[in-house]
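K.L.:
Listed here are the chains, written in short residue letters.
2 protein chains.
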Amino acid sequence: MPVAALAQTNQPPRDAQPASSNVQGGQYPKIDPERRAYFRIVAPDAKHVSVSLPGGDRMSQGTDGVWTVTTEPLAPGFHYYSITVDGAAVSDPASQSYFGTGKMSSGIEVPSPGEDFYLPQDVPHGDVRAHYYFAGSTGLIRRCFVYTPPGYDTNLAARYPVLYLQHGMGEDATSWPRQGRAGFIMDNLIAAGKAKPMLVVMDDGGITPGAMSGPRRGGGPAFWDKFGQMLIQDIIPMIDSTYRTIPDRDHRAMAGLSLGGTQTMEITQAHLDEFAYIGVFSAPFGFPQVPRGFNGLLGDPAAFARQVKVLFISYGTAGDLASRGTLRFHKELEQAGIKHVFYQSPGTSHEWQTWRRSLYEFGPLLFQDTHDDHR
Amino acid sequence: MPVAALAQTNQPPRDAQPASSNVQGGQYPKIDPERRAYFRIVAPDAKHVSVSLPGGDRMSQGTDGVWTVTTEPLAPGFHYYSITVDGAAVSDPASQSYFGTGKMSSGIEVPSPGEDFYLPQDVPHGDVRAHYYFAGSTGLIRRCFVYTPPGYDTNLAARYPVLYLQHGMGEDATSWPRQGRAGFIMDNLIAAGKAKPMLVVMDDGGITPGAMSGPRRGGGPAFWDKFGQMLIQDIIPMIDSTYRTIPDRDHRAMAGLSLGGTQTMEITQAHLDEFAYIGVFSAPFGFPQVPRGFNGLLGDPAAFARQVKVLFISYGTAGDLASRGTLRFHKELEQAGIKHVFYQSPGTSHEWQTWRRSLYEFGPLLFQDTHDDHR
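Protein sequences, first through last, are from chains R and C.
If you read the first sequence in the numbering used here, its first letter stands for residue 1, the second for the next number, and so on.
If you read the second sequence in the numbering used here, its first letter stands for residue 1, the second for the next number, and so on.
Calculated directly from the structure, the hints in this document are not laboratory data.
Be aware that one or more of the hints could be misleading.
Which copy is meant is left open, so a pair is good if it fits within one copy or across any two.
Simulated pairs of lysine to any residue, SDA-like, Cα-Cα distance not exceeding 20 angstroms [said to hold, decoys possible]:
hint, residue 1, residue 2
1, K339, G114
2, K226, Q24
3, K47, G286
4, K331, H271
5, K331, L156
6, K226, T138
7, K331, T245
8, K47, R159
9, K196, Q121
10, K196, F117
11, K30, T154
12, K309, G62
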């Protein structure tokens, strides 16, 4: 069948597979080996239906009332999308939905041939725990997610370092465990002996549109001052008293993606006594000035390298909105002779595949500069 | 303002509050003190929009293109819903979505005045862990959720009894922790000294439409034979080797809701050597025959009471589709002098508030008939 006819009918080829992000038993969307997605949406009375993915605005209605489309080839990894039906932007009940872009978005997982570092494998698995706690600074019961590595429940004398890992704007504490697959990435790194067993704490950074109101003050917008305060006053002490951590700066890291990367830079600069490892994935702005940043430490490369065991910065090469700022900061650091790790995710944009890869690159660098081994 | 004008504008009264099931910062839907919900959906080009809740088909479009409706007063508790836009049944990006009715459904939480047993309170909280494991009988990596009670991580010598708790048709392992709020219910019961600390394991019973294909055989549809086999061969041994359980029948319970209640009856009858406590919430069918059921044990009330420490059956009084069958079974048990616990949830239907209350009633009955105390 010629390509034009295929496109017209939007009939998926026989080797197209249901997306792994579909609900149980869901057949559509399907994805073919060229990474085109095939959608089928029942909307008999609609005048216009579209899917917010490249090519998804070319939907057409069949005589059976079903709207279909074949998208352009999609980038590997995870993409948010929504469906628009006669002007209403809504979510697809056939796909898992995820808190992202400030709402319950649909998501589609596009396979990435040759990459399996973020997929569940037959290796020992840590648990990802939903943990509820009372945060005194807010007077509210909050939830975070805590990854405890394989062996945590059996090696009862072992204590572990901790990575605090933050999501981006319009996301929340669920984003790294779900969209980011942080648990599988850590399982695979630890099983391969590439990363030390560690806890990963994923909390809500308060950077959804609904939570970002409030006055700005000198040091930055109030919404992340608030999270920084909560992290130091409530979350870290709670984690250190609830789980078997090694409660010092040499065994504590912080990383974040996008606006969570900006938060990471703000919070770690203000609390260098708390964190020795820093990861900044696709931060759109907020890079410290060289040499004044980090309380002047960026003016003293040797002192900086003693204090900050790893400074990791990254972005994706395919149009990541954070590329310019990150690249400029990288060059400034390089010129000033400041030790850091720079990573570019090939062919991905400001999206989860960039951040999954960033975690996979950052994880092995953590807590290696210590004399103890808690394996 | 007269009621008619209010209904026409669908303007929520000042004391209406955003539903707790809304996404972060989401203002709509709102719920007023009479439990009416107010929806606002932007769909400028649509000809017809409706919400699948009582009264939700009366939506009207304002001059701003926004569709609004005020529902009838809703029953307290959790309800699935979807939005239909010009014939397309879709999900609401403004509400959390939940796997239910075989798809990602929107959900709305309606307050229940005077009931807080399922709400997060300032009491010690257990963790709800996403746990991944390899199931030999299927060759697949599976996920379950495991509630570990407060103290599990500090009382390292303690061992705990286990409740296996199953969802209904078109739902999955996420349903009890999310819609059911099983963690908060157990936290509150344990904090009040009403229930013994226990683990609660919530796995996927394989009863979504997509998973229920396959041949029937003598003992019942193949889809729950398969889950029963997996529970006995894979899940229970995995839980007993991963967590600090008391691995015997006197410290093991099984319960389920709706079709998960039917599964519970099938599986516990076939494996009475594994379970001493049984909970059947709103099972639509599958009740054992008296006196032949439970391998004839229902013909010997004294022997049954020795074997089955608690048989708990329940339904909601407001039109629960399970009411007739459950009531008949209750009467048969009563006439035969079989010890059991019968619970009717007042004013609720075949829905989550019935099952939350059922867990709250069932939990305190568990593992009391033992001579040890693992508190």
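K.L.:
All hints are to be evaluated individually against the structure, with a verdict given for each.
P.N.:
Right, here's what the structure says about each hint:
1. For the homomeric pair K339 and G114, neither the shortest alpha-carbon distance inside one copy (31 angstroms) nor that between copies (59 angstroms) is at most 20 angstroms.
2. In this assembly of identical chains, the alpha carbons of K226 and Q24 lie at most 20 angstroms apart only when taken from different copies (16 angstroms versus 39 angstroms within one copy).
3. Taking the closest pair of Cα atoms, K47 and G286 never come within 20 angstroms of each other, the shortest separation being 44 angstroms inside a single copy and 46 angstroms across copies.
4. For the homomeric pair K331 and H271, neither the shortest alpha-carbon distance inside one copy (25 angstroms) nor that between copies (67 angstroms) is at most 20 angstroms.
5. Within a single copy, K331 and L156 get their C-alpha atoms no closer than 45 angstroms, and across copies no closer than 50 angstroms, so neither meets the 20 angstroms cut-off.
6. Taking the shortest Cα distances, K226 and T138 sit within 20 angstroms of each other inside one copy (9 angstroms), while across copies they are farther apart (47 angstroms).
7. For the identical chains of this complex, K331 and T245 are neighbours neither inside a copy (36 angstroms) nor across copies (55 angstroms), given an alpha-carbon limit of 20 angstroms.
8. In this assembly of identical chains, K47 and R159 lie within 20 angstroms of each other by CA distance neither inside one copy nor across copies; the values are 60 angstroms within and 61 angstroms between.
9. In this homomeric assembly, K196 and Q121 come within 20 angstroms of each other (Cα to Cα) only inside a single copy, at 18 angstroms, whereas the closest approach across copies is 36 angstroms.
10. Taking identical chains as interchangeable, the C-alpha atoms of K196 and F117 lie at most 20 angstroms apart only when both belong to the same chain, with a minimum of 16 angstroms there against 41 angstroms between chains.
11. Taking the closest pair of Cα atoms, K30 and T154 never come within 20 angstroms of each other, the shortest separation being 41 angstroms inside a single copy and 47 angstroms across copies.
12. For a Cα distance limit of 20 angstroms, the shortest separation of K309 from G62 qualifies neither inside one copy, at 59 angstroms, nor across copies, at 59 angstroms.
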